[in-house]
Each structure stands twice: as C-alpha cells, then as structure tokens.
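Heads up: the sequence lines are chains Z and S, in that order.
So the number in this note's numbering is just where the residue sits in the first sequence, counting from 1, plus 35.
So the number in this note's numbering is just where the residue sits in the second sequence, counting from 1, plus 38.
Treat the hints as calculated values from the structure; they're not laboratory data.
Even glycine gets a Cβ: it sits at the ideal position worked out from N, Cα and C.
You may find that some hints are simply not true.
Distance ranges between label pairs, derived from CB positions [stated by the list, open to error]:
| id | chain 1 | residue 1 | chain 2 | residue 2 | range |
| --- | --- | --- | --- | --- | --- |
| 1 | S | 278 | Z | 202 | 38 to 46 Å |
| 2 | Z | 200 | S | 144 | 22 to 30 Å |
| 3 | S | 61 | Z | 41 | 55 to 63 Å |
| 4 | S | 225 | Z | 116 | 32 to 40 Å |
| 5 | Z | 273 | S | 149 | 40 to 48 Å |
| 6 | S | 126 | Z | 273 | 43 to 51 Å |
| 7 | S | 195 | Z | 140 | 20 to 28 Å |
| 8 | S | 113 | Z | 105 | 50 to 58 Å |
| 9 | Z | 148 | S | 144 | 49 to 57 Å |
| 10 | Z | 198 | S | 120 | 15 to 23 Å |
| 11 | Z | 198 | S | 144 | 41 to 49 Å |
| 12 | S | 196 | Z | 127 | 15 to 23 Å |
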Amino acid sequence: MFDDFFTRALVAGIGLAITVGPLGCFVIWRRMAYFGDTMAHSALLGVALSLLFNLNLMLSVFIVAAVVSLLLLLLQKRGALSTDALLGILSHSALSIGLVMVAFMTWVRIDLVGFLFGDILAVSEADIDLVWGGGILVLFAIVYLWRPLLASTVNPELAEAEGLQPERARLYFMLLMALVIAIAMKIVGILLITSLLIIPAATARRFATSPEIMAVLASVIGALAVTGGLFGSLHFDTPSGPSIVVAAMGLFVLSLLPFGRKGEIETAIHSTHGGHH
Amino acid sequence: MLNFRDPDQKPLVLLNNAGVRRGGRWLVRGVEFSISRGEIVTLIGPNGSGKSTTAKAAIGVLKPDEGWVERKPGLRVGYVPQKLAIDWTLPLTVERLMTLTGPLKGREIEEALHSTGIAHLARAEVQHLSGGEFQRALLARAIARKPDLLVLDEPVQGVDFSGEIALYDLIKSIRNQTGCGILLISHDLHVVMAETDTVICLNGHVCCRGTPQVVSQSPEYLKLFGSRAAKTLAVYSHDHDHTHLPDGRVLHADGSITEHCHPDDGHHHGAHAEHGHADHDHADHVHDPDCGCGHQSRLQGLGNKETRRV
Numbered sequence: 036m037f038d039d040f041f042t043r044a045l046v047a048g049i050g051l052a053i054t055v056g057p058l059g060c061f062v063i064w065r066r067m068a069y070f071g072d073t074m075a076h077s078a079l080l081g082v083a084l085s086l087l088f089n090l091n092l093m094l095s096v097f098i099v100a101a102v103v104s105l106l107l108l109l110l111q112k113r114g115a116l117s118t119d120a121l122l123g124i125l126s127h128s129a130l131s132i133g134l135v136m137v138a139f140m141t142w143v144r145i146d147l148v149g150f151l152f153g154d155i156l157a158v159s160e161a162d163i164d165l166v167w168g169g170g171i172l173v174l175f176a177i178v179y180l181w182r183p184l185l186a187s188t189v190n191p192e193l194a195e196a197e198g199l200q201p202e203r204a205r206l207y208f209m210l211l212m213a214l215v216i217a218i219a220m221k222i223v224g225i226l227l228i229t230s231l232l233i234i235p236a237a238t239a240r241r242f243a244t245s246p247e248i249m250a251v252l253a254s255v256i257g258a259l260a261v262t263g264g265l266f267g268s269l270h271f272d273t274p275s276g277p278s279i280v281v282a283a284m285g286l287f288v289l290s291l292l293p294f295g296r297k298g299e300i301e302t303a304i305h306s307t308h309g310g311h312h
Numbered sequence: 039m040l041n042f043r044d045p046d047q048k049p050l051v052l053l054n055n056a057g058v059r060r061g062g063r064w065l066v067r068g069v070e071f072s073i074s075r076g077e078i079v080t081l082i083g084p085n086g087s088g089k090s091t092t093a094k095a096a097i098g099v100l101k102p103d104e105g106w107v108e109r110k111p112g113l114r115v116g117y118v119p120q121k122l123a124i125d126w127t128l129p130l131t132v133e134r135l136m137t138l139t140g141p142l143k144g145r146e147i148e149e150a151l152h153s154t155g156i157a158h159l160a161r162a163e164v165q166h167l168s169g170g171e172f173q174r175a176l177l178a179r180a181i182a183r184k185p186d187l188l189v190l191d192e193p194v195q196g197v198d199f200s201g202e203i204a205l206y207d208l209i210k211s212i213r214n215q216t217g218c219g220i221l222l223i224s225h226d227l228h229v230v231m232a233e234t235d236t237v238i239c240l241n242g243h244v245c246c247r248g249t250p251q252v253v254s255q256s257p258e259y260l261k262l263f264g265s266r267a268a269k270t271l272a273v274y275s276h277d278h279d280h281t282h283l284p285d286g287r288v289l290h291a292d293g294s295i296t297e298h299c300h301p302d303d304g305h306h307h308g309a310h311a312e313h314g315h316a317d318h319d320h321a322d323h324v325h326d327p328d329c330g331c332g333h334q335s336r337l338q339g340l341g342n343k344e345t346r347r348v
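Same shape as in the complex, but just chain Z (with noise of 0.2 Å):
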C-alpha cells in the first residue's frame, strides 16, 4: 500500500503529529516543556537496556519513560530541589548512561544518530501500523481524561474539591506521555520530540478560542509542519527530523506576525470592556 519509502514517512509522520497535538497542549498550559525533555532524553537509557537484555525497543523505552517520571514526582513530593534542578540532573544522567551503556557493548553496532535525530525515512509499513494504532489509543485516552486534565491544569484544588481525580489524571497523562515518546523516537528522535510537542501547540494558541480548538489546531499544525518538513528535506537533500523542526517552527513565527492582529485586539477589548460603556 505504501510502497514509497516517503509516502510512508509521510503518513507515519502525520499519525505522530495528530497525535502530539493535544498532549503538547497539555505541556505547554501545565509548563511542562522541560518535564517532556526529561523523558524523551531517558529514552535512550530505554535503547541501551533494550540491547543489554535483549527486550522490545518501544517497551522498553515506554517503561524507563514512564518510571523517569514517576521518580520525578517522588523527588518532587520530597521537595528539596527545586523541579528544574531535579529535571536536569535527570535528563541528562539519563542521557548519559544511556550513551554510556551503549558505548560499553562493543558487540551491538547501533546507529545513534538514527536514535537521536529520527530516521523517518526509513518506517516501516509495521511502524505505521503502531504509530497509527498507538496514537489512536492515545487521542481516545485524552478524549476520556479530557475534563479530570483540564480541570486539574487550572487549578488542582478545585478539580478535587469538585469531585474529579487531578492526581489520577495527572499519571494517566505520564503514561500516554511515555507511550508517545515511545512512538515517537523513531520518528524525529530523541531530542527533537518535545519540539513536535510544543512548537504546534504554541503557533496554535495565537489561533484558539478555546482549549478544544487549540488542541485541534494543535494537531492541524503538526501536520502541516511535518508535510513541509519532509517535502522541504526532500528537495533540499537536508535530514528529515531536523527539517520537520524548522518547518514546524517556520509557522510558528508566521504565527508571530501581526497580520488581522490589530482587529482582533479591538475585538477582544469590545468584548471584554464593551459593557461598562
């Protein structure tokens, strides 16, 4: 069906960006980028141990995800570092030992490049297969978690006093997070996931009217950044990951100009301050 090597890289990457879309919300409105960092750098512990114990590569990376972010909250509650002190000492030893690891198996040649910037052009039809399927289960997921998340990113308290479950909902969302950078590594690497997690999120917010809209935004844009990123890197002969990067951040600085700008603040002050006259 996908017989083309960039027609596959094509769908691959549009099912990634869809999916991101949402949760990148989530990691902007909770400030979370860094969080995000942490556990796709820890992704390459998850390789090494993958080689190590001879364990599936995606597992094994979603289960040192998910227990880099559990640590973290541990950390967190014991509260003596501040959270951006604990996140770097955790992305980067995580990073490190995992080069670390692979460096010391001599007998597994591994392309670490591929690893970190993404090898996009070389998915597989069974890549497709988890990215489509896995990031289904993930848009599902967001959908049902959708209120408790929400509710909890404004403000936790309330969330609970009203009867939702914040802490719940919270490590749901570390997991899909995991399962996402899992997903994802193969994609655009390690250290460019956070970037299709938060570049489309952040071009959307200038767009949105509401959280539901943003996160649908969300998605659209990570689409179109993928699209041009893969085109562009086509036609350019430049590495596809990186290339999706620059065409994600290319619309978010379009974003940024003041094209209908000046009508829209004078909509905004009427509608805000239009009472009071």
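Put chain S on the given structure of chain Z with help from the hints.
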C-alpha cells in the same frame, strides 16, 4: 426570615478536633465546627492562621492528620479557591470556565453569569478580566453547579467596597434561593457578612467563636458604613482568652505561656470548669507561680520539654 435549618438533618460537613500537619508543623489543630444546609460559617484570622487549610480539610482536598472530618455522602461542593492563576497559553473564555468540572445547561450558565452581573463577559477570555470580574466569574462557576456546600476562600479580594457589598448581597441571596450551606473565608478580622450564623476566629486553632453583631442596629456604625453597607456587614467582637506572642507561643489570660493552644488544655473559656486542679501531671501548659493551680512555676517550667522550641 427563612429557616433552613432542620434539627433532624445531619450537617453537610462536620469537623471534629481536626488538625493538619505539614513538614512537622501543625498548620491548624483542634478545629471543630459543622455546616448545615442554609448555614453561613465565616472563618477569620490573620495570614497563615490556617483558614484555607481548614476549608480544604472540610472539603476533602487535605486529609486531617488528627481528628476527623465527616461529609454528607454525595456532597456537591462549589469551590472558589483563594489563588487561581490561569496560564496565558490556555485559551479560556468565561463561558468555557463555567463547565470546567462538570457539564451544565446553557440556561444554567446564563443564569449564573446574570446573577453575578457578568453576563456581558460570557465570551471574554478570563486572562483579560479585572480582579473583581474574575472573582465574579469564579463565583458564577461555583454557583452554576448548584452545590450543597459553597466554599468561598476570600471571595471579595480585589473587589472595591461597593463591589464587596454587592457580592455579599449576592451570597446571601444564593443562600436564600438554594438553601445551600456556605463556608466563607474573610480577610477582614473585624467586619464580616451580616448574615453569618457563626464566626470562627482561627490562629492555628480556634481562638474564639460567636455570632456577629449586626451593625444596622447601632447608629454609630450606621454612620460609618452607610445604610446600604450596614445591612450587609456586621462587626465581630473577639472574645479571646489568650494572646499569640510573636514567637508563636501563646500567652493565656491566666498569665501562663504555652507552646500551643488546645481547646482542652484548661486555659480557655468554658473549659475552666473541667480544669483538673488535682491533676498534677497536667504537663500540657506552664503556669505562673501565682496562678494558684499548684503546677510547676513558669520559671521552672522553661526547662520543661513542653516549652522548648522544637
């Protein structure tokens, strides 16, 4: 005057000797009160006195480390937290804020926004609201879900004086219309909502409790507040039998100083009858030499473990 209180009915929430401890320190201890349908309870006290902690324990956000809190099964809470910062990156209109924790009918949203006087702001983004407008939006959100218990943590912060009167009038009418119980936290130590049934003054524990004095009956206050405000506001006169010293210890009316203050340590009004003077093991407090109860003198007592700062 409507009477919502039914003696046969169980209270919505009941706190029994509840205490919350964080990082080895009691934020609040020995809190006892209940809220029934139609009742308004106001918590007052200085900053850090445990008002918000008490409210959070009452609604189950914090679990008490001692004592217990009992809520009516299926209790529906409407909560306005003291601080609520919504990140700019989250696009949220007032209308969308209303259904944050549960679905509502369009009519319910309209009614709630209308009764808080911000119907015209339905489509405004919450980040663009002024402090007072945001407070009204939060209140509208809490009442739209028709709660059994409305918990308002400093609902009049950032609201000017006439806005404060209007909000208190609104809270009163919500109570009158729906018969819900209301737990109100006030930043003002002396002026409370006139409709308050019970005022509880906290400072790490319950310092005193009582009913407010309705100012509309007193001509001086009437002059001070103005006739409209005098109907809504009331003055609470504290009845303290102890003073909180700057170092956190407590000076009792009988001259003794203790580390903490417990309702049953014998230093408090109403507890004197039970004060066991024969009980010489009573080490919970240290007395003045002249207090006459025959315990260790205060000077000797400074070496006592109870008086050392932990």
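The hints, checked one at a time:
1. Under the hint 38 to 46 Å, the C-beta atoms of residue 278/S and residue 202/Z, about 39 Å apart, fit the expected range.
2. Between residue 200/Z and residue 144/S the CB atoms are about 27 Å apart, so this pair conforms to the stated range of 22 to 30 Å.
3. With their beta carbons about 58 Å apart, residue 61/S and residue 41/Z fall inside the hinted range of 55 to 63 Å.
4. Under the hint 32 to 40 Å, the C-beta atoms of residue 225/S and residue 116/Z, about 33 Å apart, fit the expected range.
5. For residue 273/Z and residue 149/S, the hinted distance range of 40 to 48 Å is not satisfied, since their beta carbons lie about 58 Å from each other.
6. With their beta carbons about 34 Å apart, residue 126/S and residue 273/Z fall outside the hinted range of 43 to 51 Å.
7. Checking the proposed 20 to 28 Å range against residue 195/S and residue 140/Z shows it is violated: the Cβ atoms sit about 60 Å from each other.
8. In this structure the supplied range 50 to 58 Å is violated for residue 113/S paired with residue 105/Z, their Cβ-Cβ distance being about 32 Å.
9. Take residue 148/Z and residue 144/S: their Cβ atoms lie about 55 Å apart, and the range 49 to 57 Å holds.
10. For the pair residue 198/Z and residue 120/S, the supplied restraint of 15 to 23 Å holds, since their beta-carbon distance comes to about 20 Å.
11. In this structure the supplied range 41 to 49 Å is violated for residue 198/Z paired with residue 144/S, their Cβ-Cβ distance being about 22 Å.
12. Between residue 196/S and residue 127/Z the beta carbons are some 42 Å apart, a value that contradicts the proposed interval 15 to 23 Å.
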